[in-house]
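In our numbering, the protein residues as written are 329 to 671.
Misleading hints may appear alongside valid ones.
[Stated by the list, open to error] No more than 27 Å apart at the CA atoms, straight line, and that leaves these computed lysine-lysine pairs for BS3-like:
1) 466 <-> 536
2) 536 <-> 595
3) 421 <-> 595
4) 364 <-> 529
5) 432 <-> 529
6) 625 <-> 598
7) 466 <-> 432
8) 616 <-> 529
[Stated by the list, open to error] Ranges of calculated distance between the beta carbons of each label pair, as one might list FRET restraints:
9) 389 <-> 551: 25 to 31 Å
10) 482 <-> 576: 29 to 35 Å
11) 631 <-> 391: 24 to 30 Å
12) 670 <-> 506: 44 to 50 Å
13) 551 <-> 461: 17 to 23 Å
14) 481 <-> 579: 30 to 36 Å
15) 576 <-> 529: 38 to 44 Å
16) 433 <-> 380: 35 to 41 Å
By construction, these hints were calculated from the structure, which means they are not laboratory data.
No experiment lies behind these values; they were computed from the predicted model shown.
Here a beta-carbon is modelled for each residue, glycine too, at the ideal position from N, C-alpha and C.
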Amino acid sequence: MRRFITYTASLLILLLVASCGDPKPSPGIDDPSKVKFAKGADVSWVTQMERDGVKFYNSQGVEMECMTLLKSLGMNSIRLRVWVNPVGGWNGKDDLLVKAKRAKALGMRLMIDFHYSDSWADPGKQNKPAAWADLPFKELKGALVAHTIEILEALKGEGIFPEWVQVGNETSDGMLWPDGRASVNMKGYTELHNAGYRAVKEVFPEAKVILHLAGGDNSPHYNWLLDGMAPYSAQYDIIGMSLYPEPNNWQYVNEACLENMKALIKKYDKDIMICEVGMRWDQPEICKGFIIDLIDKALEKSDDRCLGVFYWEPEGFVNWSHYTKAAFDNGGRPTVALDAFRD
Numbered sequence: 329m330r331r332f333i334t335y336t337a338s339l340l341i342l343l344l345v346a347s348c349g350d351p352k353p354s355p356g357i358d359d360p361s362k363v364k365f366a367k368g369a370d371v372s373w374v375t376q377m378e379r380d381g382v383k384f385y386n387s388q389g390v391e392m393e394c395m396t397l398l399k400s401l402g403m404n405s406i407r408l409r410v411w412v413n414p415v416g417g418w419n420g421k422d423d424l425l426v427k428a429k430r431a432k433a434l435g436m437r438l439m440i441d442f443h444y445s446d447s448w449a450d451p452g453k454q455n456k457p458a459a460w461a462d463l464p465f466k467e468l469k470g471a472l473v474a475h476t477i478e479i480l481e482a483l484k485g486e487g488i489f490p491e492w493v494q495v496g497n498e499t500s501d502g503m504l505w506p507d508g509r510a511s512v513n514m515k516g517y518t519e520l521h522n523a524g525y526r527a528v529k530e531v532f533p534e535a536k537v538i539l540h541l542a543g544g545d546n547s548p549h550y551n552w553l554l555d556g557m558a559p560y561s562a563q564y565d566i567i568g569m570s571l572y573p574e575p576n577n578w579q580y581v582n583e584a585c586l587e588n589m590k591a592l593i594k595k596y597d598k599d600i601m602i603c604e605v606g607m608r609w610d611q612p613e614i615c616k617g618f619i620i621d622l623i624d625k626a627l628e629k630s631d632d633r634c635l636g637v638f639y640w641e642p643e644g645f646v647n648w649s650h651y652t653k654a655a656f657d658n659g660g661r662p663t664v665a666l667d668a669f670r671d
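Work the whole structure out from these sequences, hints included.
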């Protein structure tokens, strides 16, 4: 018996020593180098669609929950927008928590996208929330900070830790107009942005703050805004981009975006995130080619400084949303465009 115990102990020591050698990925475990690159989608519509009875199916016709379906297609990240006091509560705090909990349960990485509005904020409109409309500038900053902290503390209370946080959505001309309209008051915009940055870091010091602009192929505009913010000590960790080419120009748009990306990395020493992409849903093969080309070249040409690509509302098929750049058909199935996210 003693000889058997000695033999067994020796065998265990040998196995332990062997296990300390060069580690090899176990079958079924994601390669960390691949996991590092975010492949994701903004699915903020999903709870509203479910309320309307919408169901989602894989290519074989099997019903699946939307985020689970997207994960099966190769996505590892989810982006969710936040509105301040939205009609019906959609994209408000409670709705956000429902979706964020779902993403966490699936082990997906999370990006939070603050619009600082009661509804859509984009390059054409950056309307203040109604409750903030008449606030003096100092109080406006305070409201922005309080809202940011409230939302992030709510996530933290549920054990949810976003990896990235956007302070504003497509803020190509600032946010919270007119006080933070960059073309009129660059200093005011930068102060508002920096207030949001500090609020994020107060709750989640490790989260990366994204400064998100539209038109990733528009190099002059990125330089105009970022150069304009620089004298006021703009604080951000990542430059975010949107990219929505047409089926007949995506090669040119991709090349312009990639050149812009490389120039921004060199000039500002910041990482890049493609926060939104999309193309007409009825051109899925072309869209697939566009996304594959974008991901491959971003990985190849950015020295690992491009952190990921997110499709905007792929599940929001046109018969429900009237949005023509989703990536599901009207039967609730993903088109082949999303095969671009498979490894």
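Between residue 481 and residue 579, does the beta-carbon spacing fit 30 to 36 Å?
45 Å, violated
Do the beta carbons of residue 482 and residue 576 sit within 29 to 35 Å of each other?
44 Å Cβ-Cβ, so the 29 to 35 Å window is violated.
Kindly confirm whether 35 to 41 Å is satisfied by the beta carbon distance between residue 433 and residue 380.
23 Å, violated
Using the C-beta atoms of residue 389 and residue 551, is the stated range 25 to 31 Å upheld?
At roughly 49 Å between Cβ atoms, residue 551 and residue 389 fall outside 25 to 31 Å, so the hint is violated.
For the pair supplied as a hint, residue 421 and residue 595, confirm whether the alpha-carbon distance does not exceed 27 Å.
Judged against 27 Å, a Cα distance of about 37 Å means the pair is violated.
Assuming the hint says 17 to 23 Å, is it satisfied by the Cβ distance from residue 551 to residue 461 or not?
32 Å, violated
For the pair supplied as a hint, residue 536 and residue 595, is the alpha-carbon distance within the 27 Å limit?
Holds: residue 536 and residue 595 sit about 19 Å apart, inside 27 Å.
Check the hint pairing residue 466 with residue 432 against an upper bound of 27 Å on the C-alpha distance.
Given pair residue 466, residue 432 is violated - Cα atoms ~35 Å apart, limit 27 Å.
Please work out if residue 466 and residue 536 have their alpha carbons no farther apart than 27 Å.
Holds. Residue 466 to residue 536 sits at ~25 Å (cutoff 27 Å).
When you take the CB atoms of residue 631 and residue 391, is the distance between them in 24 to 30 Å?
Taking Cβ atoms as reference, residue 631 and residue 391 lie about 42 Å apart, which means the hint is violated.
CB-CB spacing for residue 529 and residue 576 relative to the 38 to 44 Å hint
43 Å, holds
Hint consistency between residue 432 and residue 529 [alpha-carbon to alpha-carbon, up to 27 Å]:
21 Å, holds
Checked against the numbered hints above, the structure breaks hints 3, 7, 8, 9, 10, 11, 13, 14, 16 and satisfies the rest.
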